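**Q** All chains, full assembly: derive it from the sequences and hints.
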Amino acid sequence: MPTLKFGKYLTLATAALLLLATAPGAVAATPPAADDARAVPAADSAPAWQPPLSTRGRYIVDADGNRFRLKSANWDGAQGSWTGSGSADDPANHHAGQDSYGIPLGLDRATLPQLMNDFHQLGINSIRLPFSNAMIHSTTPVPDVAVTANPGLRGKTPLQVYDAVVSALTGSGFAVILNNHTNTSRWCCGVDGNERWNSSQSTQQWADDWVFMARRYAADPRVVGADLYNEVRRDILDDPNWGLGDAHDWYAAAQLAGDRILSEANPNLLIVIEGINWTGLPVDGLPHGRPTLTPARNLSHTLVAAHKLVYSAHFYGYTGPNHSGATGIGETHDARYQDLTRDQLYQVLNDQAFFVSSEANQHFTAPVWISEFGIGAGETGAAARTWFGNITDYFADHDVDFAYWPLVGWQGHDDWSLLRYDTSGNRYGILDASDWRGTAWNRLMTADSRTGSVAAVPGWRMLATDHGDYVQSLRVRSGGDWNSGASKAVCPDGERLIGLGHSGVRALCTDVSTGDLRSSAATQTVVTDERHVPSGGDWASGYTKLQCPAGNFLIGYSRRGGRTSAALCVPAAGSLAGAGRTVWFDRSDNRPAGASGGDFAYGDYKGQCADDEYAAGIAFTTRIGAAQGPAALLCRKLN
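Just so we're aligned: the sequence shown equals residues 116 to 754 in the working numbering.
Just so you know, the hints here were simulated from the structure itself, not pulled from any lab data. One should not assume that every hint holds.
Ranges between beta-carbon positions, derived for each pair [to be verified]: (1) ASP596 <-> SER628: 24 to 34 Å; (2) ASP204 <-> ARG269: 11 to 21 Å; (3) ASP563 <-> GLY709: 28 to 38 Å; (4) PRO256 <-> PRO382: 26 to 36 Å.
Computed from a predicted structure; not experimentally measured. Even glycine gets a Cβ: it sits at the ideal position worked out from N, Cα and C.
**A** Laid out in C-alpha cells, this is it:
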C-alpha cells in the first residue's frame with residue numbers, strides 16, 4: 116500500500132517496540148451470516164467462470180480449464196487504518212483521515228448492493244480483501260457510525276462484517292482472495308509491528324489463524340485464494356530472508372502456512388506468496404533493496420497441491436528497486452521506478468518479478484499477480500503520470516494479472532482510490548470523465564487477453580531439504596514417518612523424481628510425458644540396501660545402489676547429514692520395463708541438452724533423466740573422505 120516510511124527505521128525505534136503485543140484469544144469459528152448480503156443482486160451479467168481456480172504454467176484457470184485473469188482491486192480497511200500516533204478515536208490519526216473501524220471502507224456511505232454494482236462497472240472480476248489478525252480475534256462490535264448505510268450490520272464484530280462483505284462479493288459473482296495484510300490493526304507499511312508475519316505474534320499463531328480463515332469460507336467456492344502476507348520487510352534490527360531456516364525465513368513460513376491451508380482447511384484455494392519487499396537500511400553506501408521475487412529463481416516453493424501456487428509482487432512509482440519510497444530521512448539517491456525510462460522499467464519488472472511467468476518449464480514457473488499498484492487522481496507530477504501509463508501498458512501488453520490499490524475511499528480524503536463516496540453516498544472517481552487515470556485504466560481493462568481453454572503443461576517442482584523434511588505427497592504423509600531421523604524429500608502426488616543434486620539437498624520432480632505414473636495401490640517401498648539390484652545388473656560398479664523393485668519408480672529420497680539414506684519407491688499403474696542407463700553427476704552436471712526444470716540445485720552438480728525416462732535408483736559412495744551424497748541415477752525409458 117502507498118505510504119512506505121523507511122526513514123522511521125532511524126527515528127521511531129522505541130515507538131515501534133511498544134507496538135509488539137500478543138494477539139487476544141481466537142474467536143470461535145462460526146458460519147458466515149449469509150443473510151447479511153441477501154439484498155445484493157445476483158451476478159447474472161458477470162462473465163461465467165467455474166470455481167475452484169488452479170494454475171497451468173503461467174496462467175490461472177477455472178475448473179473447466181479456461182483462463183481466469185485476475186482483474187482485481189484491493190478493498191481495504193479491515194487491516195486497520197490507524198497510523199500509530201495520537202488517539203485512535205480521532206480520524207485525523209488514520210490514513211488519509213479515514214477511520215475504517217477495522218472493516219472494509221465505505222459501508223458507512225454506500226449500501227452493499229450499490230457497491231457491488233459500482234465494482235462491476237469498473238470491469239473487475241476479483242477482490243483482494245485485506246484483514247488483520249487482530250480483526251479475527253476482536254469481539255467488540257463495530258460502532259453504528261461505521262455501517263450507517265448498511266444498518267443490518269449493526270452490532271456485528273469486525274469479523275462478522277467481513278463475513279457479510281465476503282458473502283456480498285461472492286454472491287455478486289466476484290472471486291475473493293483473502294489477504295493477511297497486518298498483524299495489528301495499524302496502517303502498514305513502515306516500522307509498525309507488522310513487518311513480518313510473526314512480528315507481533317508467533318508463526319504458529321499466524322498459521323493457525325490462516326487455517327481458521329480458510330475453514331471459515333471453505334463452503335463458499337468463490338473464495339478462491341489465500342494471499343499469505345503483505346510486504347514482508349525489515350524491522351529495526353533484522354531482515355527477512357528466503358531460505359535461511361531461521362525465525363525470519365519467509366520462504367519457510369509461507370511453505371508452512373500454504374501446506375497447512377491446503378491439507379487442513381481448503382484444498383481448493385490458490386496460495387499467493389508475495390516476494391520480499393525490503394531488506395537493509397535505506398542509507399547511501401549500505402546494502403539495501405527490494406528483492407521481490409528474485410530469490411525464487413534459485414529456491415522456489417512446491418506445495419502439497421502442485422497447481423495452486425501463485426507468486427505476487429507490488430510496484431509503486433515512488434518506490435524503486437533500491438529506493439524505499441521515503442522522502443527526507445531514509446531517502447537515498449537510488450532511482451525510483453518513475454525515474455526509469457520505459458525500457459528500463461520493463462527490464463526491471465522482468466528481473467524482479469515477471470521472469471517467473473515468462474520463463475516456461477522452470478521449477479519456479481508460476482502465475483505472477485501484481486497485487487498492488489496505484490496512483491492518485493490528484494497526481495500532477497509528469498514522471499509519476501508517465502510511470503502509470505508505462506506500467507499499465509506493460510500489464511496490458513503482457514496480459515498480466517493485477518490488483519489496483521485501493522478500491523474504495525472517502526471523497527475529499529484518499530484520491531488514490533478507484534471509487535470515492537461522500538457522506539450521502541454519491542460516487543466519484545475513475546469512472547468520471549475528469550479522472551486522468553481513466554485512459555490508462557480503460558486500455559488495461561480492454562486490451563487483448565488470453566481467454567478460453569488453456570492446455571495442461573508439464574509441471575517441474577523443486578524439493579529442498581536444506582533445513583529438514585520436504586515431503587509434499589499427501590499420500591506419503593498419511594503413512595507416517597518412513598525414515599525416522601533422516602531429512603526426507605518426496606514429490607507431490609502425481610509427480611515423479613527426475614533429478615538430484617550431488618549434495619542430496621535439492622531434487623526435481625515432474626509429470627512430463629506421462630502424467631501420474633503411480634498406481635492406485637497404497638503400497639510404497641523404502642529402499643536402504645541393494646536387495647532389488649538384479650544379478651548381473653550392476654549399473655554403478657563400486658557404489659552403493661538403492662534400486663526400486665521391478666515395476667516401481669522413485670518419488671522420494673532421504674539423507675542423514677551428507678550421506679544418502681534411503682530411496683522411496685512406489686508401484687506404477689502400468690508396465691515399467693524400459694531399458695536403463697546410468698547418469699553420473701558426481702564430477703559435473705549431467706542433464707539432457709535443453710532440459711526443462713532449470714537450475715533446481717544452484718551451485719551443485721546435478722543429474723537428470725530425460726523427459727521420456729523415469730528414475731529407478733540412486734547410487735552413492737561410502738568411501739571414507741568422499742562425498743556420500745547421490746552420485747548417479749538409474750534412468751529407464753518409459754513405455
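**Q** Check each numbered hint against the structure and report the violated ones by number, ascending.
**A** Those not satisfied: there are none.
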